[in-house]
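Q: Each chain, written out:
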Amino acid sequence: MGLELYLDLLSQPCRAIYIFAKKNRIPFEMRTVELLKGQHLSDAFAQVNPLKKVPALKDGDFTLAESVAILLYLCRKYEVPDHWYPQDLQARARVDEYLAWQHTALRNSCTRAMWQKMMSPVFLGEQVPPETLASTLAELERCLQLLEDKFLKDQDFLAGPHISVADLVAITELMHPVSAGCQVFKSRPKLAAWRQRVEAAVGKDLFQEAHAVVMKAKDLPPADSAIKEKLKPSVQVLLQ
Amino acid sequence: MGLELYLDLLSQPCRAIYIFAKKNRIPFEMRTVELLKGQHLSDAFAQVNPLKKVPALKDGDFTLAESVAILLYLTRKYKVADHWYPQDLQACARVDEYLAWQHTTLRRSCLRALWHKVMFPVFLGEPVSPEMLATTLAELDVTLQLLEDKFLQNKAFLIGPHVSLADLVAITELMHPVGAGCQVFEGRPKLAAWCRRVEAAVGEDLFQEAHEVILKAKDSPPADPTIKQKLMPAVLAMIQ
Chain S
9 MGLELYLDLL SQPCRAIYIF AKKNRIPFEM RTVELLKGQH LSDAFAQVNP LKKVPALKDG
69 DFTLAESVAI LLYLCRKYEV PDHWYPQDLQ ARARVDEYLA WQHTALRNSC TRAMWQKMMS
129 PVFLGEQVPP ETLASTLAEL ERCLQLLEDK FLKDQDFLAG PHISVADLVA ITELMHPVSA
189 GCQVFKSRPK LAAWRQRVEA AVGKDLFQEA HAVVMKAKDL PPADSAIKEK LKPSVQVLLQ
Chain A
14 MGLELYLDLL SQPCRAIYIF AKKNRIPFEM RTVELLKGQH LSDAFAQVNP LKKVPALKDG
74 DFTLAESVAI LLYLTRKYKV ADHWYPQDLQ ACARVDEYLA WQHTTLRRSC LRALWHKVMF
134 PVFLGEPVSP EMLATTLAEL DVTLQLLEDK FLQNKAFLIG PHVSLADLVA ITELMHPVGA
194 GCQVFEGRPK LAAWCRRVEA AVGEDLFQEA HEVILKAKDS PPADPTIKQK LMPAVLAMIQ
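Each protein sequence line maps, in turn, to chains S and A. Position 228, counted from 1, in the first sequence is what the numbering used here calls 236; the numbers after and before it change by one each time, with no gaps. Position 56, counted from 1, in the second sequence is what the numbering used here calls 69; the numbers after and before it change by one each time, with no gaps.
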């Protein structure tokens, strides 16, 4: 059994890995784990990732969790072009800096924005209090401003003149609130231009393909009560 | 001007970097940024790190934020012993996996434990409800269990037989609730034994030195009202 990637394209980090693997023609078996059916909570999947999250990787007997770890593993094992994770000390540090910052910043606000604005009302049938949503969207704004001012600045890509894994991780995050109807790029021409560059670098078809699931999330039928019960505990924290 | 490290040893990631740099005899100028005096919020410091956080690094004109990025930069630039961040693909992936996981889990619960148990009441004069504290300590318990079961398991160190960056980042986290008076190692002989091994690997003197500040945190004099007002927004955002 070759490389297996356990993914649900509903999830931002899964999209980053999917795009990266496809773009670099890394051969893998796609193992879809449907989050909205609670498949990540199964005992079978816990054998692959005891943290019960996607993405996860299985390469022979070796299992690996955490999207950043998976991206770096793929970079190294498949010897992808340098720009994805540059050898240059400072350029690489810039990528590391972004990958570290995003966990508690952009990642957090994009997930919350998407769940509070869309998934909670549409899928769970529960409205989130307006103040909570407003606070979340304000936090998202703050993160977007930092993304522009501290990371992108006047560069073409987040870590410099070429696309890197940092851009993949960031763009897939931003598509989360986009899927919920947030006008993330509307008043931010710098970010909009960067998005065009990332899409072009990755390939429009691949980009669309990776985002098909999340862009249709707003049309999901409501969850039945059994699923709601199952997912509630893990989703609860996103709705606060 | 050589390497400058902007640190406050009150902060867990700062301690990890301090220990790493000292242990590896990396020459640096220590630039203390006193968090409890709000020095990280100054315009001067924003020149070093616009994210207004410690740790931060300045190497000539190059500035860098995010402890994981800083540790990796130091690892590469100063060509430290392999075990800190192994060349081996899978061993390296295990370090990456830990470093990614910890941001939103152990880091978060250790920070909350310190602030809810000690810093809010003692330093900021803000009471914390028993329910809030109980919830925080319960979360800490869950993450400590994951640390043991998923990461440490039956190994000497988090990723294998030798100490790595993962151990430094983890141990400095655990010292946060220890500084708050939480009996983190009570009933956890595996973690206690691992802690002793990490201390021995790092050197007991260096370990004590790095932890002097946090172990005195519960004796912090109360903040004056100006400082309290200055710090509150950042503190609330940090422990969210």
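Treat the hints with caution; some may be incorrect.
[Claimed, not checked] Only part of the chain S face toward chain A is listed, based on derived beta-carbon distances under 8 Å:
1) P58
2) E74
3) A77
4) W109
5) H111
Since the hints were made in silico from the structure, they are not lab data. Where is the CB? At the ideal position from N, CA and C, for every residue including glycine.
Q: If a hint holds in the structure, say so; if it doesn't, say that too.
A: The hints, checked one at a time:
A hinted interface residue such as P58 of chain S counts as satisfied when its beta carbon comes closer than 8 Å to some beta carbon of chain A; here the least separation is about 5 Å, so the hint holds. Annotation: E74 of chain S was flagged as interfacial toward chain A, and the flag holds, the nearest CB pair being 4 Å apart, inside 8 Å. Annotation: interface hint on A77 of chain S holds; nearest CB of chain A at approximately 4 Å, less than 8 Å. Hint status for W109 of chain S: holds, given a least beta-carbon distance of 6 Å to chain A, under 8 Å.
With its C-beta approaching chain A no nearer than about 4 Å, H111 of chain S sits inside the 8 Å limit, and its interface hint holds.
Violated hints: none; the structure is consistent with every hint.
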